[in-house]
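Colleague: Taking the hints into account, I'd like the entire structure generated from these sequences.
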Amino acid sequence: MTALQNIEEIYENRGGRARELRDAGKKVIGYFCCFVPDEIITAFDMIPYRIQGSQSDPIDEADAFLEPMACPFARSCFNMALKGEYDFLDGFVAPHSCDTIERMYHIWNSNKPSPFNHMINVPHMMGPSSDAFYKKELQYFIVRLEEFSGKKLEADKLRDAVNLYNRRRALLRELYELRRENPPRVSGTEITKVLVAGMGIPAIEHIELVLAFIEEVKQRPQPKPDGLPRIFLWGNEIDDIAFIKLVEECGAHVIMDDLCTGSRFFWEDVGQTDDPLDGITRRYLCTHCPRSLEPQAGNRKEDLENRFGYMKDFISRWQAGGAIFYIVRYCDTCELEGPDLREYLNSLNVPVLMIEDDYSTSTMGQLRTRIQAFLEMIG
Amino acid sequence: MPFAGIDIGSTMTKVVIVDEKEKMLASHIGPTGAEHRHLALKVTEETISRTGLRFDDLDFIVATGYGRINVPFADKQITEITCHARGIRALFPGAKIIIDIGGQDSKGIKLDAEGKVANFVMNDKCAAGTGRFLEVIAETLGINLVDMGEIGMKADGFVQISNMCTVFAEHEVTSRLAEGAGVAEIVAGLHEAIAGRVVNMTRHLGIEKDVIVTGGGAKNAGLVLAIAGKVGFDVLVPPEPFITGALGAALVGKDFYGRGVRPAGERKFEEVKFFS
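As they're listed, the protein sequences go chains A and B.
Take the position in the first sequence, starting the count at 1, then add 799; the result is the number in the working numbering.
Take the position in the second sequence, starting the count at 1, then add 50; the result is the number in the working numbering.
Don't read these hints as lab results, they were simulated from the structure.
Check the hints yourself; a few may be wrong.
Said to hold, decoys possible - List time: in silico BS3-like cross-link candidates among lysine-lysine, alpha-carbon distance up to 30 Å:
{"id": "1", "chain 1": "B", "residue 1": "K166", "chain 2": "A", "residue 2": "K1044"}
{"id": "2", "chain 1": "B", "residue 1": "K146", "chain 2": "B", "residue 2": "K92"}
{"id": "3", "chain 1": "B", "residue 1": "K166", "chain 2": "B", "residue 2": "K73"}
{"id": "4", "chain 1": "A", "residue 1": "K1100", "chain 2": "B", "residue 2": "K146"}
{"id": "5", "chain 1": "A", "residue 1": "K825", "chain 2": "A", "residue 2": "K934"}
{"id": "6", "chain 1": "A", "residue 1": "K826", "chain 2": "A", "residue 2": "K950"}
{"id": "7", "chain 1": "A", "residue 1": "K1023", "chain 2": "A", "residue 2": "K1111"}
{"id": "8", "chain 1": "A", "residue 1": "K950", "chain 2": "A", "residue 2": "K1023"}
{"id": "9", "chain 1": "B", "residue 1": "K146", "chain 2": "B", "residue 2": "K259"}
{"id": "10", "chain 1": "A", "residue 1": "K911", "chain 2": "A", "residue 2": "K825"}
{"id": "11", "chain 1": "A", "residue 1": "K1111", "chain 2": "B", "residue 2": "K166"}
{"id": "12", "chain 1": "A", "residue 1": "K1023", "chain 2": "B", "residue 2": "K166"}
{"id": "13", "chain 1": "A", "residue 1": "K1044", "chain 2": "B", "residue 2": "K126"}
{"id": "14", "chain 1": "B", "residue 1": "K166", "chain 2": "A", "residue 2": "K1100"}
{"id": "15", "chain 1": "B", "residue 1": "K259", "chain 2": "B", "residue 2": "K280"}
{"id": "16", "chain 1": "A", "residue 1": "K1023", "chain 2": "B", "residue 2": "K92"}
{"id": "17", "chain 1": "A", "residue 1": "K825", "chain 2": "A", "residue 2": "K956"}
{"id": "18", "chain 1": "B", "residue 1": "K71", "chain 2": "B", "residue 2": "K166"}
Modeller: Right, dumping it as structure tokens:
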């Protein structure tokens, strides 16, 4: 079996490996978003499991608890929980990433509690006290896990976990480097499978898979130049290949992203600090999610540069000819950030297509015309 | 050298044939049925017969519109956004903004100085601001869709229609009728509502002269007048607004051909069954 086939199997059967590990006596801790440090959960010898929804299943049971104008990703996750698909989780952790996740934590907790339930408070406005605040919250998270596991956290284990995840980050960046080729030998669809598969298995197993996959990609012959547009994706949760596959089928290469299921969760390393928790605090607080706000600095141009400057490198080094925003409907933070980011990218001469969509594979076909027209426009 | 453009919209199928001087040789319009492929063939056959040419004489065929993937004998499929831009550019060299009101969607397209698509917006998720919206309400009012423009223009003022959801608007119209509002004033209100919807959607592109209104909606003089009112200046309408997409498709085909692109393989001028 090739590494890609392995990855595809895990991608198709999300949760399968976590269930196996749980049956073997491991504790599996489910969590949301990019603000819950995998390192802390792993240092307790537990398995972090990034909770995902299902774009192909309709949301029905969750409608009895959550309004239909709530984020469809959150609703889909909760819908799966109500149907018992997350019964294998020993723990349920939600950060206060956005209001929907925060409120849903309480509804989830009231109706479908796990043996361990916890909410991490994450500051929204970045300022002088943010690090201290968030570190205290992470210390409290550690205390709760100590109570739950009956074990004290060992600093060495936390340091090992930091190194483990930094190793995975480095490998994923290496994989992303391969996307810089034109045309790339690895598709955006394949990348999504690699990343999503990794969210439900131990990092050590994911590292093996990514290593093998990188080797496989390097063995592929270099394709002939095809002149197809190279697309940078920005948005929130794309944990299903449907959308990226559609963009690629319309005649483009998806070559870089800033998504919470993409570069956003792994791009920067955790710094080496005397207390590993300091490095973890800094790293996770700096996650580029539009739910976090930097105080406005300078004039508008300087403010945009301050907020979005990190993407300049993504655009230039990966030679993106256009950007597509894929925003899961009702994500206020992304919808409010979108127009500012569009202005910034336009100032870099990058055309932008902004798409707001339901978290569902059934509506994909309707997007085809808009995507094709955009590709014709920039092609 | 003849080039054909086939525009399969949600309600109408349009075919245009042009020559290498961009002169229109023939055009034809037929209703779009559930069997797109069958119809594409029939309307194309009819158009070709009007030129005295044979199918094999066509140097390039471009399909567009929402049924574009269902044309087995097209050499390329290009979106209606690119095709509308190309068609309008040929008809109105000064065009900057195109407002297309189709049967089931509406679009705003911005053209750059060279007449190429610079940006676009599209409503394709609901009937609001589309021909379908007018069709549903025409039925509720017991009038013909084609008469709506004239009826609305005879109105003395208009009745405010605040619901853009077709289902709720239908309900609102019934309520207004019950309150004694006149049919003409209600129709005028509908035109105002649709015009407001599409113009506001397009505003984000930056509206500037010349604004061209096209698609089936442009056949409704009352609606066009309402759009001009929202835009703040006169808007232009092509002589035959239904066929600008097909015309553009034919011209896009001519452009491809001019750049040396040739049909990929042997074209089979036959319908393909939906279920094989």
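Colleague: Give a verdict on every hint.
Modeller: Status of each hint after checking the structure:
no.	hint	verdict
1	B:K166 x A:K1044	holds, 27 Å
2	B:K146 x B:K92	violated, 35 Å
3	B:K166 x B:K73	holds, 20 Å
4	A:K1100 x B:K146	holds, 28 Å
5	A:K825 x A:K934	holds, 27 Å
6	A:K826 x A:K950	holds, 13 Å
7	A:K1023 x A:K1111	holds, 27 Å
8	A:K950 x A:K1023	violated, 56 Å
9	B:K146 x B:K259	holds, 6 Å
10	A:K911 x A:K825	holds, 21 Å
11	A:K1111 x B:K166	holds, 27 Å
12	A:K1023 x B:K166	holds, 28 Å
13	A:K1044 x B:K126	holds, 21 Å
14	B:K166 x A:K1100	holds, 29 Å
15	B:K259 x B:K280	holds, 13 Å
16	A:K1023 x B:K92	violated, 40 Å
17	A:K825 x A:K956	holds, 17 Å
18	B:K71 x B:K166	holds, 20 Å
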